[in-house]
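So the sequences go chain by chain: A and B. Last residue of the first sequence: 332 in the numbering used here, with the numbers rising by one and none dropped. Last residue of the second sequence: 353 in the numbering used here, with the numbers rising by one and none dropped.
Incorrect hints may have been included.
Straight-line alpha carbon distances no greater than 25 Å define the calculated DSS-like cross-link-like pairs of lysine-lysine that follow [as the list claims (entries may be wrong)]:
#1 B:Lys-291 x B:Lys-254
#2 B:Lys-61 x B:Lys-338
#3 B:Lys-162 x A:Lys-53
#4 A:Lys-53 x B:Lys-254
#5 B:Lys-31 x B:Lys-317
#6 B:Lys-283 x B:Lys-19
Label pairs and their in silico Cβ distance ranges [as the list claims (entries may be wrong)]:
#7 B:Gly-350 x A:Ala-294: 32 to 40 Å
#8 B:Leu-343 x A:Glu-285: 21 to 29 Å
#9 B:Asn-188 x A:Gly-77: 18 to 26 Å
#10 A:Pro-302 x B:Pro-335: 44 to 52 Å
#11 A:Glu-285 x B:Gly-101: 43 to 51 Å
#12 A:Gln-131 x B:Glu-10: 36 to 44 Å
#13 B:Gly-101 x A:Lys-22: 49 to 57 Å
#14 A:Gly-52 x B:Asp-329: 51 to 59 Å
#15 A:Lys-256 x B:Gly-84: 55 to 63 Å
#16 B:Ser-332 x A:Gly-77: 18 to 26 Å
Derived from the structure by calculation, the hints contain no laboratory data. Just so it is clear, CB atoms sit at the ideal spot from N, CA and C, and this is done for glycine as well.
Now for the letters of each chain:
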Amino acid sequence: MSTGKKTSYGQALRDGIAYLLKTYPEVFTIGQGLWSPWYVGNSMTDLDKEFGKERVIDTPVAELACTGVAVGAAISGKRPVIIHPRVDFALLAVDQIVNQAAKWCHMLGGQVSVPVTIRAIINRGGEQGAQHSQSLHSWFAHIPGLRMVMPATARDARDLLIASVLCDDPVMFIDDRWLYEQEEILPSPKEINLSKEGPEIRRSGKDITLVSCGYPLQQCLQAAQFMAERGIEAEVIDLRVLNPLKREPIVDSVRKTGRLLAVDGDWATCGMAAEVITSAVEGVEPGIWEKAPARITLPDAPAPTSKPLEQAYYFQVEDIVRKAAELVDGNK
Amino acid sequence: MATKKPSPGELGDLSLPNKHRDPICLTGFRKTKAVDWLKSLVLIRAAEEKIGEEFGKAVIKCPCHLVIGQEAPAVGLADHIRKGDRVFGAHRSHAHYLALGGDLHQLMAEVLGKETGCSKGMGGSMHLYQPQAGFHGSVPIVGSTIPIAVGAALSIQMDGTKNVAVSFLGDGATEEGVFHESLNFAANFRLPVVFIVENNLFSSHLHIDLRQPYNSTCRFAEANGIPWQRVDGNDVAAVSSACLAAIRQARSGKGPQFIEMVTYRWRGHVGHREDVDVGVKRKDDLNLWKKRDPIARLAKGMEKRKWLKTGELHRWKTEAEAAVHKAWDQASRDPYPKPEALLGRVYFQGENR
Numbered sequence: 001m002s003t004g005k006k007t008s009y010g011q012a013l014r015d016g017i018a019y020l021l022k023t024y025p026e027v028f029t030i031g032q033g034l035w036s037p038w039y040v041g042n043s044m045t046d047l048d049k050e051f052g053k054e055r056v057i058d059t060p061v062a063e064l065a066c067t068g069v070a071v072g073a074a075i076s077g078k079r080p081v082i083i084h085p086r087v088d089f090a091l092l093a094v095d096q097i098v099n100q101a102a103k104w105c106h107m108l109g110g111q112v113s114v115p116v117t118i119r120a121i122i123n124r125g126g127e128q129g130a131q132h133s134q135s136l137h138s139w140f141a142h143i144p145g146l147r148m149v150m151p152a153t154a155r156d157a158r159d160l161l162i163a164s165v166l167c168d169d170p171v172m173f174i175d176d177r178w179l180y181e182q183e184e185i186l187p188s189p190k191e192i193n194l195s196k197e198g199p200e201i202r203r204s205g206k207d208i209t210l211v212s213c214g215y216p217l218q219q220c221l222q223a224a225q226f227m228a229e230r231g232i233e234a235e236v237i238d239l240r241v242l243n244p245l246k247r248e249p250i251v252d253s254v255r256k257t258g259r260l261l262a263v264d265g266d267w268a269t270c271g272m273a274a275e276v277i278t279s280a281v282e283g284v285e286p287g288i289w290e291k292a293p294a295r296i297t298l299p300d301a302p303a304p305t306s307k308p309l310e311q312a313y314y315f316q317v318e319d320i321v322r323k324a325a326e327l328v329d330g331n332k
Numbered sequence: 001m002a003t004k005k006p007s008p009g010e011l012g013d014l015s016l017p018n019k020h021r022d023p024i025c026l027t028g029f030r031k032t033k034a035v036d037w038l039k040s041l042v043l044i045r046a047a048e049e050k051i052g053e054e055f056g057k058a059v060i061k062c063p064c065h066l067v068i069g070q071e072a073p074a075v076g077l078a079d080h081i082r083k084g085d086r087v088f089g090a091h092r093s094h095a096h097y098l099a100l101g102g103d104l105h106q107l108m109a110e111v112l113g114k115e116t117g118c119s120k121g122m123g124g125s126m127h128l129y130q131p132q133a134g135f136h137g138s139v140p141i142v143g144s145t146i147p148i149a150v151g152a153a154l155s156i157q158m159d160g161t162k163n164v165a166v167s168f169l170g171d172g173a174t175e176e177g178v179f180h181e182s183l184n185f186a187a188n189f190r191l192p193v194v195f196i197v198e199n200n201l202f203s204s205h206l207h208i209d210l211r212q213p214y215n216s217t218c219r220f221a222e223a224n225g226i227p228w229q230r231v232d233g234n235d236v237a238a239v240s241s242a243c244l245a246a247i248r249q250a251r252s253g254k255g256p257q258f259i260e261m262v263t264y265r266w267r268g269h270v271g272h273r274e275d276v277d278v279g280v281k282r283k284d285d286l287n288l289w290k291k292r293d294p295i296a297r298l299a300k301g302m303e304k305r306k307w308l309k310t311g312e313l314h315r316w317k318t319e320a321e322a323a324v325h326k327a328w329d330q331a332s333r334d335p336y337p338k339p340e341a342l343l344g345r346v347y348f349q350g351e352n353r
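Using the sequences plus the hints, can you model the full thing?
Structure (structure tokens):
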């Protein structure tokens, strides 16, 4: 039921977890800092008080074991959400995510499901530097058996989180602190089947296709609005589920626009932008292309701390507009 | 029966190959129990001998880590496992699977990569799964099933049942960081999990003396406030007694338990050969350790009590070999997984569910 009141992305994440804890006794959350307002923003506020510290478990400093515990509980009838307040620290748990959670179904003959959600938060900016800024969604999207989800809107933050936890497969769910203030009016929570979810067109247009996910998707929408005021109609596609990737919406859009700009808040090499472009190149006939596809990504360097370097590191809406305009204005 | 505790860091004479060769003391056990143990030990060895033979002929290609010589920990534990308990293994897990009652034919089919295998031919020797027997998975990444067993124990604690989780690991796994994280976690939350370290003195080719400053892993339990026992891992009666005590404690809410079982593997780290991973004094030690054979020592203990008739052990060995050959022949004729299995098993949840 819509009340006309806006909900922020951070609050929507909390609403999603609260819905799950209330509705499904087999759901629990575990991770460092879950009882602290400091680690996870407003995305877990007072859930321990509402649902008990047995289901909102704050943990020792042991990312690998805690993730393994979540995997072990997941194959034992539970639906845990293991939360890593920074993606960077989830790298300590990669054996459990990549070697275990993503593999057990396949290597045990499809007899076991691992319904664990690994929620990791991008928490960058503010001169935090190389080990407090990474996103790494491309890296995780590379792994067969691991569903990779990245919400760009408050509604997806809530409903894709619910879908991830209710999915029988392991899901890497990466949300972004830069989106936590993003607001929209939300209907009641809806249970959806994650395996049916895929890219969505957030804005229709005929001149160029912008494909993105997470925070840069919002930048793309701003860029599209700016361009629309100048007569360029950009179509904006939100990937939402990066793996397994449903490629048809990208292909269909580029068939219509003939131009593609992939915008990704991760590195270029072997990154999500490269996957988007490849999907389009493989699927769209050569004669349809008005211009060679292009991408905007982070530079292939660790995140710096120094202010001017950090400003140069993260692309802005203007960068997207400039690149898109080049593709639209330039000759074939 | 647990030995004295001289120190949580020193194995004492349990690590010496020329000690502990006596017939096993069966005081307090029934004959039927000893017969069950002996049959189980003999079956596991026969299965492993066959797998080793076929591996040697390259009929089996997947890496097989044979358990020959160290069958007793699995057999002594299996007595105490109830419905709902969850046992996890590592790379050397054929014994645990079989001791718990895992299907012999399905094991043979699995090492051959057949659709009828316990993991549908998708896992091979290192990825065994038979939940109906209480065996919930084994993997070869050293230490990886330790936190998974702790997670199973957390689930059990949340459900409020009297079940336990069991984590089998080797001495090498105690060098992994996740082992220490897992012990701390389990102790902190008082979880019903039993850690069983099969200390066979070797991790792959390297002796524990070249890897750790002390040769007993019980010191890690001590450091985490976890009650520990150390037993002769080639004495199935001692193993069974230790498991009984530990599991009873874990079932009654006393938190995690730890048992170190000192044993020795006769074959190389991987494959059928004895001489693959020759370490310092390995050959001399191996000949001595073969006299600490868990099967021969149990048989001698039974003979002392006149629980074993002449020719009976030989007959059971023959029967075990026949069962193994029958399972092997069947598995050899079984089909491989269909091509659809390659992509069809990546995700559990399809679009239609």
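Quick rundown of the hints versus the structure:
1. Note on Lys-291 (chain B) and Lys-254 (chain B): the hinted pairing is violated, with a Cα-Cα distance of about 38 Å set against a maximum of 25 Å.
2. Note on Lys-61 (chain B) and Lys-338 (chain B): the hinted pairing holds, with a Cα-Cα distance of about 19 Å set against a maximum of 25 Å.
3. For the hint pairing Lys-162 (chain B) with Lys-53 (chain A), the CA-to-CA distance comes to about 22 Å; that is within 25 Å, so the pair holds.
4. A threshold of 25 Å between alpha carbons decides the hint, and for Lys-53 (chain A) with Lys-254 (chain B) the separation of about 20 Å falls inside it, so the pair holds.
5. Taken as a hint, the Lys-31 (chain B) and Lys-317 (chain B) pair is honoured in the structure, with Cα atoms around 18 Å apart against an allowance of 25 Å.
6. About 17 Å separates the Cα atoms of Lys-283 (chain B) and Lys-19 (chain B), which keeps this hinted pair within 25 Å; it holds.
7. The given range of 32 to 40 Å is respected by Gly-350 (chain B) and Ala-294 (chain A), whose C-beta atoms sit roughly 36 Å from each other.
8. At roughly 26 Å, the beta-carbon separation of Leu-343 (chain B) and Glu-285 (chain A) lies within the given 21 to 29 Å, and the hint holds.
9. For the pair Asn-188 (chain B) and Gly-77 (chain A), the supplied restraint of 18 to 26 Å holds, since their beta-carbon distance comes to about 22 Å.
10. For the pair Pro-302 (chain A) and Pro-335 (chain B), the supplied restraint of 44 to 52 Å holds, since their beta-carbon distance comes to about 51 Å.
11. Distance hint check for Glu-285 (chain A) and Gly-101 (chain B): the Cβ-Cβ separation is about 59 Å, which falls outside the suggested range of 43 to 51 Å.
12. Checking the proposed 36 to 44 Å range against Gln-131 (chain A) and Glu-10 (chain B) shows it holds: the Cβ atoms sit about 40 Å from each other.
13. With their beta carbons about 40 Å apart, Gly-101 (chain B) and Lys-22 (chain A) fall outside the hinted range of 49 to 57 Å.
14. At roughly 56 Å, the beta carbons of Gly-52 (chain A) and Asp-329 (chain B) sit within the given window of 51 to 59 Å.
15. At roughly 57 Å, the beta-carbon separation of Lys-256 (chain A) and Gly-84 (chain B) lies within the given 55 to 63 Å, and the hint holds.
16. The beta-carbon spacing between Ser-332 (chain B) and Gly-77 (chain A), approximately 37 Å, falls outside the hinted interval of 18 to 26 Å.
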